[in-house]
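**Student:** If you read the protein sequences in the order shown, they are chains E and U.
Residue 60 in our numbering sits at position 60 of the first sequence, and the numbers go up by one each step.
Residue 45 in our numbering sits at position 45 of the second sequence, and the numbers go up by one each step.
For the record, the hints were derived by calculation from the structure and aren't laboratory data.
One or more hints might be untrue.
[What the hints assert, rightly or not] Which stretches of chain U does chain E cover? Using the computed rule of at least three CB atoms under 8 Å from a CB of chain E, they are:
{"hint": "1", "stretch": "21 to 33"}
{"hint": "2", "stretch": "44 to 54"}
[What the hints assert, rightly or not] Derived DSS-like pairs: lysine-lysine, alpha-carbon spacing no greater than 30 Å straight-line:
{"hint": "3", "chain 1": "E", "residue 1": "Lys238", "chain 2": "U", "residue 2": "Lys31"}
{"hint": "4", "chain 1": "E", "residue 1": "Lys238", "chain 2": "E", "residue 2": "Lys134"}
{"hint": "5", "chain 1": "E", "residue 1": "Lys200", "chain 2": "E", "residue 2": "Lys166"}
{"hint": "6", "chain 1": "E", "residue 1": "Lys200", "chain 2": "U", "residue 2": "Lys76"}
{"hint": "7", "chain 1": "E", "residue 1": "Lys238", "chain 2": "E", "residue 2": "Lys200"}
{"hint": "8", "chain 1": "U", "residue 1": "Lys168", "chain 2": "U", "residue 2": "Lys153"}
{"hint": "9", "chain 1": "U", "residue 1": "Lys142", "chain 2": "U", "residue 2": "Lys93"}
{"hint": "10", "chain 1": "U", "residue 1": "Lys31", "chain 2": "U", "residue 2": "Lys83"}
{"hint": "11", "chain 1": "U", "residue 1": "Lys97", "chain 2": "U", "residue 2": "Lys124"}
{"hint": "12", "chain 1": "U", "residue 1": "Lys135", "chain 2": "U", "residue 2": "Lys168"}
{"hint": "13", "chain 1": "E", "residue 1": "Lys238", "chain 2": "U", "residue 2": "Lys55"}
{"hint": "14", "chain 1": "E", "residue 1": "Lys12", "chain 2": "U", "residue 2": "Lys31"}
{"hint": "15", "chain 1": "U", "residue 1": "Lys185", "chain 2": "U", "residue 2": "Lys203"}
{"hint": "16", "chain 1": "E", "residue 1": "Lys200", "chain 2": "U", "residue 2": "Lys83"}
{"hint": "17", "chain 1": "U", "residue 1": "Lys142", "chain 2": "U", "residue 2": "Lys168"}
{"hint": "18", "chain 1": "U", "residue 1": "Lys67", "chain 2": "E", "residue 2": "Lys238"}
{"hint": "19", "chain 1": "U", "residue 1": "Lys93", "chain 2": "U", "residue 2": "Lys83"}
{"hint": "20", "chain 1": "E", "residue 1": "Lys200", "chain 2": "U", "residue 2": "Lys31"}
{"hint": "21", "chain 1": "E", "residue 1": "Lys200", "chain 2": "U", "residue 2": "Lys67"}
Only a predicted model underlies this, so the values are computations on that prediction, with no experimental measurement involved.
Where is the CB? At the ideal position from N, CA and C, for every residue including glycine.
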Amino acid sequence: MATKIWSVGAGKGGVGKTFTVSSLGITLSKLNHNVLLLDLDLSGANLHSTFGLPLTQNNLRKFVSGEKSIKELITLTGIPRVSYVQGFWDNWTPSELNERMITELFSQVRELPFDFVIVDLGAGPSPTYLEVFKRSDERILIGNSEPTTVEKTYRFIETYVCSTLKERVSSEQYLALEKALRDYRWNQGKGYFSFRNFLKTQIGSDLNYSQVFEERPIHFIVNSSRSRLDQDLGFSMKSVCTKYYDFPLNYLGPIDFDNAVWQAVRNCEPVLIEKPFTPIAGQFLSIVKTMTHTNFHSNLYKAVI
Amino acid sequence: METSRYNYYDVLEVSPHCQQHEITTAYERAKATYAGENPAIYTIFSEHEARELLKLVEEAYQVLGNKTLRSLYDEKVSQVQVKPEDLTYENLKSASKAVVPDLNKKAPSKPEFQPDPEMENLIKKSQDWTGALLKQVREYKKYSLERLSEITKISAYYIHSIEKNDPKNLPASVFVRGYVGQIAKVLGLDEKKVCESYMRSFKSSGN
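Chain E extracted, bound-state conformation (with noise of 0.2 Å):
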């Protein structure tokens, strides 16, 4: 089986992030899956601190300035089947990745015996985050249910859509987009305002738009849901981004707010690894099964429910 590599954003910071990487890495391992943890996220390491382990000079940033390959950089994390590679946490030096420097991490993230890589990003979509987000087999945003979080998903959502559009019109046509994004408010006529039909009128229906996305979708998950109203929250944005950007967003289903999260966190111990059998690790199961086994869980889903 080829690596697969997942990527882990969110609009937002504090979601939950890097909770939500540590715990589908080892729900995946829990299924015979080798795993390797990711943490790239720019603005200071922190996946390292949910396994409860140290600091150590061997981060990203010897891979960055080329002393080291991700091979060497490769650290294990005391779960079996479980390895990690640290982040950057000398912050006064730029982080940004560019361009060459993410081909060379992914062909040798490629090249490693892992089943699954999994890549924990910071919040919002800068240019490094967004890059390895595109490039991803997979892209799972986390969100909760508060209005904050729910804008900058969409912003999040806006940004990798018109990004992704932009390799594949020509400039004039981008900034027609552009332009109409910004303009929309003011263009709205009657029935409600969609960004799919405008960039029809604006562009021309010649770009293969449903398809470009059809192969790109995001995946989404609505993290410390406290209620059913929470839990339904990923079909309701996921009806949004239909109806506006004829986007698919995938739900992949909530992860309920539970007090065994922020105890674990405090005693620096991932949370399926100390309290193994709280009802979050039942979630996290079935998030894993409906990635890895697209069709066969999703229909067996429908069928019992």
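Based on the hints, put chain U in the right spot on chain E.
**Tutor:** Below, chain U without anything else, positioned relative to chain E:
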């Protein structure tokens, strides 16, 4: 955009081959999204736009949520030339009536009876109510045996026996009295008078 308005499956975001219950789930989710204050529409759709979307969703569900209308809609969409106005809820509903007659509609009204002064006079004056006279009045007022039975919930067989003054085929006289009262009421006669007079002749003829 005006034509896509009538692609109800798109509006509800379901596949055209989905099960009926999936349509209901999709509708409930869409309604939760666009009605009220759902954070999911924040910064994307204004209140006004959400209302517009809700209208579309409601219309789509009016059609797809009804099995008959849904199959009619599927049929119309598959036709080569279909006018968008054929796909509105109102037009589909009226088209469905041609296929499935409305069961709730009342049966065609009974033929109107013509008031006849001679007959009215007879009814007014009559002191001696027999089965035959009841039958005469029933036919004069254009009630068929079945119709009367339907209204009074008395079996047509009993009504027939009452009209024939046939106690052998009738239950105890206390019930017969009740039946006659009901029949008289429906026929617009004086209940008390008819009952007393009928029961007098009924008892003397039977026992």
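**Student:** Hint numbers the structure violates, sorted upward?
**Tutor:** 9, 11, 21
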